[in-house]
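So you can see what is in the structure, the chains are spelled out below.
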Amino acid sequence: MTGWLLAMVQTLCVVLFAPFMAGWVKWLKCKLQNRQGPAPWQPYRDLLKLSRKEVLLAVTASPVFRAAPYVVFSVTVVAVSVVPIVSVQLPTAALADVIVLVGFLALARFFLSLAGMDIGTAFGGMGSSREVTISSLAEPALLMAFFTLSMNASSTNLSTVISHLVQSDFILYPSLIFSSMGLILVAIAETGRIPIDNPATHLELTMIHEAMILEYSGRHLALMEWAAMLKLTLYSVLIANLVIPWGVAMTLAPGDILVGIVAVACKLLVLGALLAISETVQAKMRLFRAPQFLGLAFILSLLGMMSHIILEVG
Amino acid sequence: MLITALSFPEQLVLTLAALILLSSFLMLAQVRLDSLINVFALQGLLLFAATVLMAFISGKYHLLISAALTLFLKVFFIPGQLRHLVVRLDIHREVEVIGNPSLIMLFAAGLVLFSYYVALPIRALSLLSTRNTIAISLAVVLIGMLIVISRRKAVTQVVGFMSMENGLFFAAVVSTYGMPMVVELGVAFDVLVAAILFGVFFFHIRTEIGSLDTDRLNRLTEVER
Numbered sequence: 001m002t003g004w005l006l007a008m009v010q011t012l013c014v015v016l017f018a019p020f021m022a023g024w025v026k027w028l029k030c031k032l033q034n035r036q037g038p039a040p041w042q043p044y045r046d047l048l049k050l051s052r053k054e055v056l057l058a059v060t061a062s063p064v065f066r067a068a069p070y071v072v073f074s075v076t077v078v079a080v081s082v083v084p085i086v087s088v089q090l091p092t093a094a095l096a097d098v099i100v101l102v103g104f105l106a107l108a109r110f111f112l113s114l115a116g117m118d119i120g121t122a123f124g125g126m127g128s129s130r131e132v133t134i135s136s137l138a139e140p141a142l143l144m145a146f147f148t149l150s151m152n153a154s155s156t157n158l159s160t161v162i163s164h165l166v167q168s169d170f171i172l173y174p175s176l177i178f179s180s181m182g183l184i185l186v187a188i189a190e191t192g193r194i195p196i197d198n199p200a201t202h203l204e205l206t207m208i209h210e211a212m213i214l215e216y217s218g219r220h221l222a223l224m225e226w227a228a229m230l231k232l233t234l235y236s237v238l239i240a241n242l243v244i245p246w247g248v249a250m251t252l253a254p255g256d257i258l259v260g261i262v263a264v265a266c267k268l269l270v271l272g273a274l275l276a277i278s279e280t281v282q283a284k285m286r287l288f289r290a291p292q293f294l295g296l297a298f299i300l301s302l303l304g305m306m307s308h309i310i311l312e313v314g
Numbered sequence: 001m002l003i004t005a006l007s008f009p010e011q012l013v014l015t016l017a018a019l020i021l022l023s024s025f026l027m028l029a030q031v032r033l034d035s036l037i038n039v040f041a042l043q044g045l046l047l048f049a050a051t052v053l054m055a056f057i058s059g060k061y062h063l064l065i066s067a068a069l070t071l072f073l074k075v076f077f078i079p080g081q082l083r084h085l086v087v088r089l090d091i092h093r094e095v096e097v098i099g100n101p102s103l104i105m106l107f108a109a110g111l112v113l114f115s116y117y118v119a120l121p122i123r124a125l126s127l128l129s130t131r132n133t134i135a136i137s138l139a140v141v142l143i144g145m146l147i148v149i150s151r152r153k154a155v156t157q158v159v160g161f162m163s164m165e166n167g168l169f170f171a172a173v174v175s176t177y178g179m180p181m182v183v184e185l186g187v188a189f190d191v192l193v194a195a196i197l198f199g200v201f202f203f204h205i206r207t208e209i210g211s212l213d214t215d216r217l218n219r220l221t222e223v224e225r
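As given, the protein sequences belong to chains X and Z, one line each in that order.
Its first residue numbered 1, the first sequence is counted upward by one per residue in our numbering.
Its first residue numbered 1, the second sequence is counted upward by one per residue in our numbering.
Okay, chain Z solo, but in the shape it has when bound:
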């Protein structure tokens, strides 16, 4: 659907979709844990704004409940929890070494193109005016996966994982006006529980191997070789 045929709130949703994609790219580029968590919270905020707008465009006001959950969980609770963890584990100034950053960014750009082609047939099935954003949400999921793959530290992998969930949620909102309420509540509580469990898990990993570097979980011996 041409953007000229859309109403202004719908154009705003498209812009928010593009900004969510940008925030994924920013997360991929961050080297510091502090700023990574801040960008993650920003992505949650953009997601909240997009959901609220979608609720008013479609007149399906149950989306407002999902939006409120997003605001509470992904903007305040989970980032707060992660910040707290980062301070307690004393890794907030940690600079992560990842592969060649520009190469990873280009790879992410390739993922966006890939999801565009994958989403083309799905787009043809949807009748919603915001169906063009399906490709964007798929790209957010894939970039979240790329964040998980390209990072070594457990905390950043968790942020990548949560960002994947953001992408899925966004896909549900823009392509079918959200999932059934039961599913959405379930997912929200899963995420909540996951955030708490991950927190406990970090401490376990650290006491077991003395580091949060998940590469070291691959080694079977306890002695350094």
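The following block holds chain X by itself, in its conformation from the complex:
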């Protein structure tokens, strides 16, 4: 019973924390670029403002367009709920393994790109086509990285993978290094950060994510943006808990949980800072270079799997 309660509270906390994560990255990035920058809690104000505003719908909008924000947001929340964040003793983690998790993310993306095409404007269609191109290249790399991690722990369940890493002695697995590098590259591409997409721009020729949600307003836009922030937090949590799994609580004892909360919060803030630094030192790539970037991610994941087979077993 405590497990289910913890799962619910944990999901709720992450959903509430997500705007701060996005704001934190933005604030740090502004500081690094010698700009004033909005406070880290600015996204909360934005979301509140948007949710109060009137929803304007295009005359050509179909029910899919209206349903998409709710589907995208709730699917992302479900995806967050199956990831062990503070403790591995999570009853929801038994419901879905990494493959289902990737499936959830794909479902959200499917509705997002449908919504982009629904109105019939040029930008929406263009954004959807780009998003689908990029994710079709990113998904094999993501799955390959997850498979390598799963082969290490002989399970596709995230809880088992994390507890296997924490409980065994420290071993330098070459495969983990490669698959986490692949995972990081995929996360950058999938959350629409520099160098694949620039979250801060509405420039016609370069935007991907923004192009799809261009027609949304009011609470629909708020949900779409919140889902994007949640996705950023979800990928950060995945990287934090799979690459540096130490600190995740193994039991439901209050002391362990407290350590788990502090550990995951610190890891997320550090990852956010690293993201801000990498976004500051890099420029956005041309769209046609994106397959190369994701090709590198795939090769890294593939090398991870091969070094597992060649070097670590047998």
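The reader is advised that the hints may include incorrect statements.
[Said to hold, decoys possible] Label pairs and their computed distance ranges (CB to CB):
#, chain 1, residue 1, chain 2, residue 2, range
1, Z, F8, X, C30, 37 to 47 Å
2, Z, D213, X, A58, 48 to 58 Å
3, Z, T4, X, Q282, 29 to 39 Å
4, X, C30, Z, G210, 48 to 58 Å
5, X, R286, Z, R152, 21 to 31 Å
6, Z, D213, X, L143, 36 to 46 Å
7, X, T280, Z, T4, 19 to 29 Å
[What the hints assert, rightly or not] Not the full set, but computed from the structure, chain X residues with beta-carbon under 8 Å of chain Z:
#, residue
8, I171
9, L311
10, E312
These are computed hints drawn from the structure, not numbers from a lab.
The beta-carbon is built from N, C-alpha and C at its ideal position, and this holds for glycine as well.
Using the hints, position chain Z against chain X.
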């Protein structure tokens, strides 16, 4: 041998082996000569680190001499020489056109699998704890060959050739704790001489055919058809 049964320095050697393989893949993906030479120097550095580690793991300190030679030749001298050549030939911004890059990368991944299967019986004969890396070194040799095949310019072909030599050296270090000293010194000087000779050769190719594109060496006529 399971990685859990190895000591930490041995795990580090395995990680370095994987990184050397990665550097081979990176060399295959580079289109600019500058960055290609930098990655080649990086591969030399990784090789140096692996050799030093192997020397301390095995207690065979003559490996340190090979390591020092690697550091001098493959990290500083040859890349320096190549950079110098590239500047003198004024080709440092040259973008090479190779076949479909993703296809070549997948082909290289296939080569790694191939060398894994080829190395399985060899692995069974070795008693060293780092014997799993034999497949990796074979893959580095094959990918070096792929670099030579898939590039047109003479300079990149030379880098591919040197990378093949890196693979052979790595194989010797991880499977038998290095070759006899005489052989190793001989190989090192061969590489040194090769680097200098290639440099001279580049200028000759260029004055003869006006380009470093080795495809044009296949033509027998002097007039463009």
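(request) Return the status of the interface hint for I171/X: holds when the least beta-carbon distance to chain Z is below 8 Å, violated otherwise. (result) holds, 6 Å
(request) For the hint on L311/X, just tell me whether its beta-carbon gets within less than 8 Å of chain Z. (result) holds, 5 Å
(request) Starting from the hint 48 to 58 Å, judge whether the C-beta atoms of C30/X and G210/Z obey it. (result) holds, 53 Å
(message) Please check whether T4/Z and Q282/X have a Cβ separation lying inside 29 to 39 Å.
(response) holds, 38 Å
(request) Determine whether the Cβ-Cβ distance between R286/X and R152/Z falls within the hinted range of 21 to 31 Å. (result) At roughly 25 Å between Cβ atoms, R152/Z and R286/X fall inside 21 to 31 Å, so the hint holds.
(request) For F8/Z and C30/X, compare the CB-CB distance with the range 37 to 47 Å and indicate the outcome. (result) holds, 42 Å
(message) Just to be sure I understand the hint, the distance between the Cβ atoms of T280/X and T4/Z should be within 19 to 29 Å; is that true here?
(response) violated, 40 Å
(request) Determine whether the Cβ-Cβ distance between D213/Z and L143/X falls within the hinted range of 36 to 46 Å. (result) 40 Å Cβ-Cβ, so the 36 to 46 Å window holds.
(message) Against the range 48 to 58 Å, how does the distance between the Cβ atoms of D213/Z and A58/X compare: consistent or not?
(response) Given a distance of about 56 Å, which is inside 48 to 58 Å, the answer is holds.
(request) Report holds or violated for the interface hint on E312/X, using the least CB-CB distance to chain Z and a cut-off of 8 Å. (result) holds, 4 Å
Violated hint: 7 only; the structure is consistent with all others.
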